[in-house]
Amino acid sequence: MPKKSKPNFSNLPDKEGHFGPYGGRYVPETLMAALTELDKVYRVTKKDPKFKKELNHYLRNFAGRPTPLTEARRLAKILGVKHFYLKREDLMHTGSHKINNTLGQVLLTIKMGKKRVIAETGAGQHGVATATVCALFGIQCEIYMGEEDVRRQALNVFRMKLLGAKVNPVNSGSCTLKDAVNEAIRDWVTNVRDTHYIIGSVIGPHPYPGMVRDFQSVIGREARSQSKSAIGGDPDYLVACVGGGSNSIGLFHPFLGSKSRMIGVEAAGLGVHTDKHAATLSKGRIGVLHGSKSEILQTPDGQIQLAHSISAGLDYPGVGPEHAYLQSVHRAEYVAATDKDALLGVKILSENEGIIPALEPAHAVGYLIRQKRRFKKTDTILMCLSGRGDKDVQQIAQEMNR
Amino acid sequence: MTRIQKKFDELRVKKEKAAIIFITAGDPSLDKNLKLVHSFEKAGVDLIELGVPFSDPLADGPVIQEASERSLKRGTNLKKILELVKKIRRTSQIPLILMSYLNPILSYGVASFARDAKTAGVDGVILPEVPVEEGRELSSVLSRAKLDLIYLLAPTSTLERKRNAARASRGFIYFVSMTGVTGAKNTVLQSVDADVRSIKKFSTLPVCVGFGISTPEQARQMSRVSDGVIIGSAVVRALKEHAGLSADAFTKKFVTPFVKAVKAPR
Numbered sequence: 073m074p075k076k077s078k079p080n081f082s083n084l085p086d087k088e089g090h091f092g093p094y095g096g097r098y099v100p101e102t103l104m105a106a107l108t109e110l111d112k113v114y115r116v117t118k119k120d121p122k123f124k125k126e127l128n129h130y131l132r133n134f135a136g137r138p139t140p141l142t143e144a145r146r147l148a149k150i151l152g153v154k155h156f157y158l159k160r161e162d163l164m165h166t167g168s169h170k171i172n173n174t175l176g177q178v179l180l181t182i183k184m185g186k187k188r189v190i191a192e193t194g195a196g197q198h199g200v201a202t203a204t205v206c207a208l209f210g211i212q213c214e215i216y217m218g219e220e221d222v223r224r225q226a227l228n229v230f231r232m233k234l235l236g237a238k239v240n241p242v243n244s245g246s247c248t249l250k251d252a253v254n255e256a257i258r259d260w261v262t263n264v265r266d267t268h269y270i271i272g273s274v275i276g277p278h279p280y281p282g283m284v285r286d287f288q289s290v291i292g293r294e295a296r297s298q299s300k301s302a303i304g305g306d307p308d309y310l311v312a313c314v315g316g317g318s319n320s321i322g323l324f325h326p327f328l329g330s331k332s333r334m335i336g337v338e339a340a341g342l343g344v345h346t347d348k349h350a351a352t353l354s355k356g357r358i359g360v361l362h363g364s365k366s367e368i369l370q371t372p373d374g375q376i377q378l379a380h381s382i383s384a385g386l387d388y389p390g391v392g393p394e395h396a397y398l399q400s401v402h403r404a405e406y407v408a409a410t411d412k413d414a415l416l417g418v419k420i421l422s423e424n425e426g427i428i429p430a431l432e433p434a435h436a437v438g439y440l441i442r443q444k445r446r447f448k449k450t451d452t453i454l455m456c457l458s459g460r461g462d463k464d465v466q467q468i469a470q471e472m473n474r
Numbered sequence: 112m113t114r115i116q117k118k119f120d121e122l123r124v125k126k127e128k129a130a131i132i133f134i135t136a137g138d139p140s141l142d143k144n145l146k147l148v149h150s151f152e153k154a155g156v157d158l159i160e161l162g163v164p165f166s167d168p169l170a171d172g173p174v175i176q177e178a179s180e181r182s183l184k185r186g187t188n189l190k191k192i193l194e195l196v197k198k199i200r201r202t203s204q205i206p207l208i209l210m211s212y213l214n215p216i217l218s219y220g221v222a223s224f225a226r227d228a229k230t231a232g233v234d235g236v237i238l239p240e241v242p243v244e245e246g247r248e249l250s251s252v253l254s255r256a257k258l259d260l261i262y263l264l265a266p267t268s269t270l271e272r273k274r275n276a277a278r279a280s281r282g283f284i285y286f287v288s289m290t291g292v293t294g295a296k297n298t299v300l301q302s303v304d305a306d307v308r309s310i311k312k313f314s315t316l317p318v319c320v321g322f323g324i325s326t327p328e329q330a331r332q333m334s335r336v337s338d339g340v341i342i343g344s345a346v347v348r349a350l351k352e353h354a355g356l357s358a359d360a361f362t363k364k365f366v367t368p369f370v371k372a373v374k375a376p377r
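Respectively, the protein sequence lines represent chains A and B.
Taking the numbering used here, the leading residue of the first sequence gets 73, the next gets one more, and so forth.
Taking the numbering used here, the leading residue of the second sequence gets 112, the next gets one more, and so forth.
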C-alpha cells in the first residue's frame, strides 16, 4: 500500500473553511460580508490574551468550569474495562456543554457591536444557554424553535422566556430543528446589520464549525490534563454522542494528535435499516445543508430527509463537516445507537453511578453497553457526558412505561 | 452566445429593460408551467426563471417555500423539470434560467446536470446559496457546457465582493434589492440606484434587480435604475390564489401589468 502522509489536523479548516472536501460557505450573498467580518474578528480575538482571560473568567465563575472527570467504577465493571471516566459537562450551568460556546459567541457579539442575538434550538438546551448569556450581558435575544419541539419541550420554552428571550415557534417544513435553522438564517439575512446568529453546533457556514469547535475544545483540553493526572496518560478510547457534533468535537479535537481512538455515537432512532433515524455519517451522502458541505440524509433527488431520534438534540439530518472529514480519513469512527439503547443507557448509568444523563449522551452509554465485547479489560474509556437528564425525565418516564 | 446574452443585446438596441418572471417549477403543475411560459412570452416577458423546488429553501420567504412544498408533493424533480424545458423549447426560444439550491444539483451530479440542462435547452443557472468563493469549480463546469452562471450581489456586498462577482458572473448580474428573503416587503428602494451604478463599474454585463418587488409601480421604479426586473413571489402568490384562471387570462391580469411597467417609456 502506498504511504500516505499523515494529515495535520491542527490547521484545519483552511482559510475558506474547508475540511478536505467538506465545509465551506454556502449562504446567500447578503450574509457573506457578515461571515467575513465574523471570521476576521474571531481570528484576531482568539489570540487576544484579554479575550481569553475574560472568557475564562465567565467559564469559571459563571458557568462552573472546570468540570470534574468522574471515575465510574461500577460501570467500568459492567463494561469489563480497566477504567471508565465521565467528563461531567452535565454539571455546567444550564445543564449541558452548550454554554461553553454561547459564552464565547456572546463576547464576540459585544466585540462586533451587534445589539441583537438570534439562535436556533431543538430540545431547547442551546436556546436556554443562549438566552442565559444574553440575560447576563443585557442583549436582546430571539430563539427559533420548531413548533413540534415547542410542544415537546415546554419546560425549556418556559426557561427561555423566564430569561427574557422571545421564542418564535417555526411552523414551516417539518417544524423541527432543521426548520428552526432555516428560519434563523432567514432572520439573519433580513437583520444581518445589527444581529449576530449564535449557531449552537459545529455546523453552518465558515467560520462557525471551526469557531464553535474551538469554544467547545475546553472539554478536551481539561479532559486531557485530567486524564494525565488520573491515569498518567491518554485514554485508549474517547466516546461521545454526535448530533451536529459539538460536544464530541470538543472532546476529540485536543486529542487528534494523540493515540486515543475516537468513537462518535449517532442516533439510530428505530434502527438504521428503517427510515426513522438520524445516523448521518452511517447513512448519509455528501451534500450541502445550512451553509456547509457535509454528509447529509437525503433522498435520491437531493431533498433533505427528516431525521428521527428519541432525543431532540440528535434529531438532525446533517452533521458538522469536521466529523465528516475525520470519518473520511479514518481518524474517528462513527457508530449508531437506537432509541432503545439510549433508554438502556439512562437506566444503567442512573442505577449504577447515581447520574441521570440526558438522552443524547445516553446513546453513547447504550452503545458501550451493547458493544462491550469490543473492549479489552486493560482499556480505559473516557466519555463526554454532555448534559443532564432533567429536561428528559418526563419523556423517559413515558417511554419506559410503554 | 447563450439566449440570455442574445436577448440582452436585442434589448440594448431597442433601449428596453428586461421583464423577468420567476415561477416555481411544478406549481401548480408542470403542464400548467408550459402553458404559462408560452403566455408570458406572448405578453412580452423577456426571460423566465424556473425555480427548482427544495425542501429547505433558506433564501425564500413563505410564498416560494409553500410553492416548493406543493411542487415536491407532486413529485417534481430536476429530471422532470428538464423535460418541461425540452417541451418549452419545441416552440419557444425564450431564455430559460433555472434557479436552484445546490443540493439537488450536487445529487444529480454537476457534470451530468450541465450536460442534460444544456441539451434540454436551459441557458443559465442561479444558485442563491453559492457565493463566488464556492462557485469556481461549478462555474467552469457550467461554462464548458455553455450555461451562464449568474451570481447575486446584495446591499451588504463590499466593493471587493462586487468586483469579484461582477467579473465572474455570466449572462447578467442579479442584484438583490434588500437584505431579506424573497417576497419580503420592500420599503427602502433608494440605495439600489447607487449599488447598481457601483456594480457597473466592474462589468459591462446587464444588472437586474429582484427580491421584494411586489407591485408594478415598484417594478417601474426598479427598471429605471437597472437593466431588468425580476418578479417572483408576487406572481407565485397570484398563481396560488387564482388557480382556476387559464394561462392567458392569468397572464393578462397578473403579468402584463408588470411587463408594461418595466417597458414604460421614461
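Simulated from the structure, these hints should not be mistaken for lab results.
Any given hint could be a false lead.
Pairwise CB distance ranges, derived in the manner of DEER restraints [said to hold, decoys possible]:
#1 B:Ser309 x A:Val113: 24 to 30 Å
#2 B:Leu270 x A:Gly304: 39 to 45 Å
#3 A:Asn243 x B:Ala375: 53 to 59 Å
#4 A:Gly343 x B:Leu270: 50 to 56 Å
#5 A:Leu378 x B:Arg255: 56 to 62 Å
Treat the numbers as computed from the prediction; the structure is a model and nothing was measured.
Every residue, glycine too, gets a C-beta built ideally from N, C-alpha and C.
Problem - List of violated hint numbers, smallest to largest - result: Hint check: 2, 3 and 5 fail, others pass.
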